[in-house]
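K.L.:
Fit chain E to the given chain L structure using the hints.
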Amino acid sequence: MIEFKDVSKTFDAKVGTVHAVKDVNLVIPDGKIYGIVGYSGAGKSTIIRMLNGLESPTTGSVTVNGSEISALKGKELRDQRLKIGMIFQHFNLLWSRTVLENIEFPLEIAKVPKAQRKEKAMKLVELVGLSGRENAYPSELSGGQKQRVGIARALSNDPEILLSDEATSALDPQTTDEVLDLLLDINKQLNLTVVVITHEMHVIRKICDHVAVLDSGEIVEQGPVLDVFKNPQQTITKRFVNQETDSGSAGDTNTAVEELLKKYPQGKIVKLTFHGEQASLPIVSETLRQFDDVDLNIIEGNIHQTQDGALGSLYIQLLSDNQQSIDGTLSYLQTLRVETEVIERG
Amino acid sequence: MVDTGIGSYFKFSNVDWPSMGIATWETVWMTVVSIIVVAILGFLLGLLLFETTNSDAFLIKALNWIVSAFVNIFRSIPFIILIVLLLPATQIIMGTIIGAKAALPSLIISAAPFYARLVEIAFHEIDHGVLEASEAMGATKAQIIFKVLLPESLPALVSGITVTAISLIGYTAMAGAIGAGGLGNTAYLDGFQANNNAVTLTATVIIVIIVFAFQLIGDFAVKRIDKR
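Going down the list, the protein sequences come from chains L and E.
Under the UniProt record's numbering, residues 1 to 346 are what the first sequence spells out, in order.
Under the UniProt record's numbering, residues 1 to 228 are what the second sequence spells out, in order.
It should be emphasised that the hints constitute simulated quantities derived from the structure, not laboratory data.
Treat the hints with care, since some could be wrong.
What the hints assert, rightly or not - Taking beta-carbon pairs under 10 Å as the criterion, some of the chain E residues facing chain L (in silico): (1) Glu132; (2) Glu135; (3) Gly138; (4) Thr140; (5) Gln143; (6) Lys147; (7) Pro151; (8) Pro155; (9) Val222; (10) Ile225.
Predicted model, so just to flag it, every value in this text is computed and none were measured.
A virtual CB, placed ideally from N, CA and C, is assigned to each residue, including glycine.
For reference, chain L alone in the conformation it holds in the complex (with noise of 0.2 Å):
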């Protein structure tokens, strides 16, 4: 378990005192995926390297698995972040060494016999999909194969604790899929606690269980990742999980509805949302089978995976000359335990 408390960390910069990080309290239970997402500058980084002591907290202590990294020093440092992978942007692998070679690098700083050291190292080139690769050099490597290598290495001493300080954000969206699936793998199979910090969405989305949302180096809002999504409350969240979900069309909705509303002006703008298993499920011709005297426009739709299920959102047109056959419908749709939200013409 991982445990932040009241930590701060101020900066003393030429403009002033800088806070970089702002009481933050964190619990991150053992074998998760925790994301932290903010933009740049929101602490992130600082808060990660909190975690294998790069950075001190100024006040407020950090804990992992029951010592007091914060209060570390030297020797009793250095043996604890054996215990702490850490994967990059940038993958800092050496390029003086072969894929094999980088693998066996933290084996070496543990005093790793080299039989050994060997042996383990090839196991986890399998591990991350890397056989036949094993003696390339760095540079004869694609990005996604490099953060591949970053991965083997964090893993080579068997860590308690993943760090992942925006492993994806220098790769292409097929290659942040596939590094993506590759942690997840790695923390079912392992049973990892991941630590993951992003300023994407999609990476939150896509392999985390629980979310921390930091702004201005304050954790503004923090839960399970879909409920997160479900009902973010912070205008930050809310931004955060529209550049998810509504995949940059919001505008073209808006615009939609204006115009169904002036083309219909007796129908009733709907927005459904559904998660879990509301999602895999024929609502919508249910409905209409129930109710026949109504008409359904389809204005737009998406629908999105999470760890925790699916999440769905859907506005749609009732139309019907019978105002009791609608709040019929309305009323059914909600006995599904779908949420409804009527769009009024404004």
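P.N.:
For chain E alone, coordinates are given in the frame of chain L:
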């Protein structure tokens, strides 16, 4: 009758080949011995400079300032003056002020600070992220130096030593002119002062060949090491 025309440069019958051979050996010996010491001393000084930059601690800042000042001063003194300046020290350290051995202290003291700067620059060129990653893995300072700094900067360290070696060859010739022996001594005493231009030309050609040899070996080594 002294011949000073262009033709005099090609009267190779005037060249005393056995003594030219000895002079060549002296030049190579001076260069190689001093380059070995310069490599070690320069590496240590460069490492000291690198490790003491950007520190907030007062003592470390002071150390950086002292080493930096030492390096800058000895890099600025013209070599010919440095030799003369170091004569008393040379007498004490080497027991003589004549011959190839006597040239070593001044060769080393002039080249080591120069190489130290090149080493420092080479270390600064290593990606900071790689050093941070090593630290995050729990590496000790010694492990970072020998497993990261040294191998990751090796091409720059080797090309730096090549440049230093070539300027050292130039210095040995200067030292030779005032009694250190070697090809510089031959070119000056047996060539220029004895009006024997063929000797001067021969010494020059041999020095150029030595320089080219060092350059070729250095370039080849860098090509082999660099996997970027």
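K.L.:
If a hint holds in the structure, say so; if it doesn't, say that too.
P.N.:
So, going through the hints one by one against the coordinates:
no. : hint   : result
1   : Glu132 : holds, 7 Å
2   : Glu135 : holds, 7 Å
3   : Gly138 : holds, 4 Å
4   : Thr140 : holds, 7 Å
5   : Gln143 : holds, 6 Å
6   : Lys147 : holds, 7 Å
7   : Pro151 : holds, 4 Å
8   : Pro155 : holds, 9 Å
9   : Val222 : violated, 13 Å
10  : Ile225 : holds, 8 Å
In summary, the structure is inconsistent with hint 9 from the numbered list given earlier, while agreeing with all the others.
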